[in-house]
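**Q** Here is how the chains run, residue by residue.
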Amino acid sequence: MSLFINITLNGVSDGMIFAALALSLVLIFRATRIVNFAQGAMGMMTTFIASTLLNRGLSYWWMFVSVLVIGFVFGALVERVLIRPLQGRSELNPVIVSIGLLVVLEGLAGAIYGNASRGFPAAYSQSGLTVGHTKIAFSHFDVFILVAVLVVMGALLVLFRLTSLGLRMRASAFAGEVSRLLGVRVGLLLTLGWALAGVTGALSGLLVAPTSSFSPYFMDLVLVYAFTAAVIGGLESPVGALIGGLITGLAISYVGGYLGSGLQPVGALVLLIVALMIRPEGIFSRPPSRVV
Amino acid sequence: MDTPLTRLGRTVPGHPLARHLGLALGAGAALYFLTSALSPYNDFEVGEIALYVVALSGLSLLTGVNGQISLGHGAFMAVGAYTVALLMNHTGANFVLELLAAVGTSAALGVVIGIPATRLKGPYLAGLTLLLALALPPIADKWSNTFGGDQGLTTTVPTAPGSLNPEEWLCWIQVLGALVTVVLLANLLQSRFGRSFRAVRDNEVAAALAGVHVARTKVLAFSISAGCAGLAGAFLGLSTGVVSTGEFPLTLSIQLLAAMVVGGTGTLVGMVWGAVLLVYLPQWSTSLSNQFGLGTGVNAYLATIIFGAFLIGAMLIAPSGIQGGLRWVWQRARGAMSAAGAATNVQHGVSQGST
Amino acid sequence: MGHRRGRNGRPLPWARAALAVAAGAALSAVATSAPAGAASTPGVTAHSITIGATVPLTGPAAPGYDEIAPAMNAVFDWVNAHGGVYGRKILYKYLDDGYNPATTATLTRQLVLQDDIFADVGSLGTPTQAAVQGFLNAQKVPQLFIESGCNCWSNPKYPLSLGWQPPYTVDGKVLGTYIKANFAGKKVGYLYQDDEFGQDVVKGLDMELPASSVVSRQTYDAATLAGPLSNQVAALKAAGAQVVVLATIPAATALAMLPAAAIGYSPQYVIDSVGADPPTVGPLLASFTSKGGGSAAQATAAEGLLNGAITDSYFAPESETSNAWVQVEKKLLKDYAPAQYAKSGLDGNTQYGIALAYTFVQALQKAGKNLTRAGLISAIAKYGKSFVTPGFVPLSYSSSVHFGFEGEQVYKLTSTAPPAVTPTGSWIGSTPVSPVYVTSPGKGPVKKYTGKTSTPPASLKRTA
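So the protein sequences, as listed, match chains E, H and P. Under the numbering used here, think of the first position of the first sequence as 1, with each following residue one higher. Under the numbering used here, think of the first position of the second sequence as 293, with each following residue one higher. Under the numbering used here, think of the first position of the third sequence as 648, with each following residue one higher.
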C-alpha cells in the first residue's frame, strides 16, 4: 500500500513539473496561437546560464531573479527575430522554426558547455517531508514547485480574464488585423506574450534541473510530456495545464511503476490519443465553433 | 511551367506511366554506369542518399501536398526495419516479399496513427507524432528477446551476383527502390488522388463540399507516407547490417523534417537535395570546423547547429527550399531569354503570340 | 483531357530526380579525396600507422565517454614524440557516431574504405560495435579493444574482434562473491539498466547469490531516462532490500540515490564500476545540497551519499596517488593532453583510455617491424598475457580467448581514504576491501588471484 502511495506522490511531483512547462506552452498559445516546441530548450539554455552564474559565486536567489529576467529578454528576442517574420503565412512554419530553434539551442549548449557531468542545486531541501514516522516522497522542494506552479497559474488566470492587457493580448492573437484597426499594439503584445513565456520557461528549467541529469537534452522528454499535459487540459487553459499535468504525471508514474519505465512514453502516447479522440480541444476549453 | 525536361517529356507521347517508366529506365541506366565507376564507399553513400529519398518523398507528399506535419517518421522507419529483420531471422522469405512486408506493416501503423490524426491541426499533430517517435523504439528494448535487445537483429543483403562488390549491389537495390517509389508517387500526385490531397490541404471544407472524403484522404496520405518510411527503414537496416533501437532516435525524425524543408516541401526532386544534405552534412561540417580550427567539443556539435540553422533559415528566407530556389532561377532565366527573344523578333518585324 | 500530360505543364519530376541523384553521385565522386594509400598493408607506411574509431562525442551517451579518445591520444603523442613504433607515428582518427549504430556503420565504412585505416581501435558501445562487427571481419580489419563489456566479443565467428575491459558478468560475479561473503543473510535488491549491460551484471550476480536472497529486481530504460527513478527506489524499499546493487550509468546512479535519500532510505549500495566513478557521479549528486554553494558543498553532499558504497575496479583508482601507475597516468595526461587534463583531470575515463592505448602500443611493438593485420592479431594472442598494464591481473588473450581483463578487486568508497582531486573538485576516495579475484564470464568459479601485479616500466616513468 505504501508503494502505491509513493508512486502516486511521485506522479504528483512529476505532474507539477509538467504543469510548469505546460503553463508556458499555454501562455504562448493563448497570446500568439503558436505552439513553441523550443520552449523546453529555451528553459534549458537559461538554466545553463544559471549554472554559470552560480559557479561565478552569485547566490541562489539573486541567480533566480536574474535568470527570470534573462528568460524574459530571451523570449522577446526569439519572437521578434524568428517568429514575427512568419506572420500571416502557413501555420506550419512557426512549428518548423521552433523545432529548428530546439536543435540549434541543444547544439549550442553542447558546444559551449560541453559534455561534462553536472548537477544543479534545488531551491529547497530535497529531503522528504516527515509525516507521522515516515519520510514521504514529497520534499520541501516539491512543495516549492507546487506553490510556484499555482502562483504562475493564478497569475495567468488573472492576466487573461481580469486585466485589459490580457484581453488585448488575446485579441491580438485571435484577430490581429481587427485589433490593429481598434488601436491595439499587436506587435508589442505578441512580443510580450513570448517574453512572459520566456520567464515561465526559465522558471520550469530551474525547477526541473535539480531532479534530472543536467545535460543539453534534459528538457526534451519534459517538453513532450508537458505538451501532452497542455493538450489534455486544453491549450487555452492555465487550469487545464495544471490538471493535465497531474493526469499525465500520475499516468506515467503508474505505467512506470507497474509496467516498466521504458513504457512511459507509450503510456503518454496512449493517453494523448485517447484524450484527442474523446475531446480534442481539451478538458477545459470550449469546443470551437465550425468555421465555414 | 516549361523546362527542358518538360519539353523532352512532350516529345515522348502516351500515357504518363509509360513516360515516367521510360525516363526512369533511362535514369537507372545512367546510374548503373555511374555506380560502376565509383568507389565502394561512394556507392554506399549513393545508396544512403537513395534510401533517404524514399523516406523524404513520402514525407513531402504528406506535409507538402496534403498539409499534415509529422515529427514521427523515424518511428515508421523503425517499424519497416524491424519487420524486415524479423522476417530475415525467422523465415526464409523472399527478399522482395520481405521489403513489401516492411511497407505493409508501416503503412498499417500509418493508418492507426492517421485516424486520430484526422482530427488534429498542425501543432497538435506535430506533438502527437513527436510522442510517437519517442514511444515506439523503447518497445523494442522492453521485449528484447524478440527484438534483439542491445545487439539488435542482423540483416542480410541477398548475395551479390557474380563478382559485384556488396556495396555496389546494395546501392543498386536502394536506388531501384528510390526510382520505383518516386515513379509511383509522381503518378499518384498527377492523378485524382493528388488532386484530392491538395484540395484537402488547401481547404478542407471546400474539398468536402466538392465531394472529397476528407478523412479517408488524410488517412491515405498518412499511410502512403508511412509505407515509404517503412521501405526506407528496411533499407537503413540493410545498410547498417543490424536493426536496433539506437538507430531511430528522435533526432532522425527531426532531420527528416529538416531535409524535406531544405530540399523543398511538396516536391519530389527536391528530396534528392535534402537526402544529399543528410548524408554529407556531418562530413562537410567536420571539414568546415577543421578549417576554422575549432576545438573537438565545438566540432562535434557543429553539424547539429547547422541543421537547426538551415531549418530556421529555410523557413525565414527560402520556404520553398532548394528546389523552389532552382525553379525561381529557372523562371527568371526563362523570362530573360523570352524577353530577349521577343525583342529580337520585334526587331525582325515578326510578332509572336504569348510565350 | 484524357491521359496526356496535365495542362499545368508540370515537369517530369522523377526524371529530374534520377538526373539529380546522378549529379549527386558525381558530385560526391569529385568531392571525395584520392583513392587508397599503401599497396601492401592498408594504413601502414614507412612513417605512420593510421588507426580509427567511432565514439560518442555528442548526444546523451557522451558525458564521460568523450574523454577516453583524447586520453588515448595522449599516449600516442608520447609514443610519437619518442620516435614512434619502429619509426612509425601513430595517427588516431576518431569520429563521432553519437551512439547511433546507423552512423557507426557509415563512419566505419568511411574509415575502412576511404581512409584505409590499419585497424579499428577503441571504438565504443555494444549496439554500435555489434553493427559493424560483421563488416570489419569480412574486410579483415582488426576490431581491437572494443570499449564495451559485452560477453559477445569473444566469438569464434569473428576472430578479429577483441574486447578489453572485463565483461559485465565478471563484475557481477565478483560483486556477488563479496556480497555473499560480507552481507550473508541480508535481503538484496537490484536496480539495473534494462539492456545487455545491466542484464549481464545481473547474470553474474545470480551465479553467486542464492535466489532467495534477491527480493526485488527493478529496471530502467536508458533511452527514456528523464527524471529520478523514484518508483524503482520505492519498490526496493517496500520489498525491504537492505543491500541494493546498482548496475547503472553515472546519471542513473545519481537518479537512484537522490530519491532514496529523499525518502530516508539508505541501504548498503553496491555500484558497478560503470556508474561509480566519484568525479563523474559526484557532481550529479550535488543538487542534493540546496542553493548551490560551489564545489566544496557539492563534494560534501556527494560524499555523504557515496560514503560506504561498494564498487569494483580492475586497476588502481585515481585517488591512490601513491600508486606508481596513477602517477604515470597523471603525468602523461598532463603533459600530452593538457586540454583534457584541465577539463576532467585524471578520472576513471581518462585512466581507461591511457591503459587501453598503452595495451595497443605494446601489441604494435610485439607485432614487429613488418606490420600486418594478421601479425598484429597473432602477436596479441601470443604475447597478450605478458603485456604490462595498470590492471591487477594480466590480460587473458590467447588464440581462443578474446577477452582482455577477467579479474577485479572490490573497493569501498570511504571518506577516510585520501580523496580524488581533479580540476573540478575533490571527490571521495576508495580503499580495497577484498583480494583480487579472477573469473571468466561463464559458469566457472571465482578464484583469488595469486600472481603478480605489474608496475610501470622505466620508459613510461621517464615520460617527462
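Incorrect hints may have been included.
Said to hold, decoys possible - Residues on chain H that point at chain P, a partial pick, calculated with CB under 10 Å:
#, residue
1, Thr383
2, Phe387
3, Lys434
4, Asp494
5, Glu496
6, Ser531
7, Val534
8, Ser536
9, Gly538
10, Glu539
11, Gln575
12, Thr578
Derived by calculation from the structure, the hints in this document are not laboratory data. For each residue, glycine too, the CB sits at the ideal point set by N, CA and C.
**Q** Let's test the interface hint: is any C-beta of chain P closer than 10 Å to that of H/Glu496?
**A** 22 Å, violated
**Q** Against chain P, is H/Glu539 within 10 Å by beta-carbon distance?
**A** 4 Å, holds
**Q** Per the CB criterion, is H/Ser531 less than 10 Å away from chain P?
**A** Status holds, d = 6 Å.
**Q** Does H/Lys434 hold up as a contact with chain P if the rule is Cβ-Cβ below 10 Å?
**A** Cβ of H/Lys434 sits 7 Å from chain P, so the hint holds.
**Q** With 10 Å as the cut and Cβ atoms as the points, is H/Asp494 at the interface with chain P?
**A** It is violated, given that the least Cβ distance between H/Asp494 and chain P is near 15 Å, above 10 Å.
**Q** For the hint on H/Gln575, does the least C-beta distance to chain P fall short of 10 Å?
**A** 8 Å, holds
**Q** So, as I understand it, the hint says H/Thr578 touches chain P; can you test that by seeing if any CB pair is closer than 10 Å?
**A** 8 Å, holds
**Q** Holds or violated: is there a CB of chain P closer than 10 Å to the CB of H/Ser536?
**A** 5 Å, holds
**Q** Can we keep the H/Val534 interface hint, with Cβ of chain P closer than 10 Å?
**A** 4 Å, holds
**Q** Please verify that hint: H/Phe387, Cβ, nearest Cβ of chain P, below 10 Å or not.
**A** H/Phe387 check fails; min Cβ-Cβ to chain P is 18 Å, beyond 10 Å.
**Q** Does the closest beta carbon of chain P sit nearer than 10 Å to the beta carbon of H/Thr383?
**A** 20 Å, violated
**Q** So, as I understand it, the hint says H/Gly538 touches chain P; can you test that by seeing if any CB pair is closer than 10 Å?
**A** 5 Å, holds
Hint compliance for this structure: hints 1, 2, 4, 5 are broken, all remaining hints hold.
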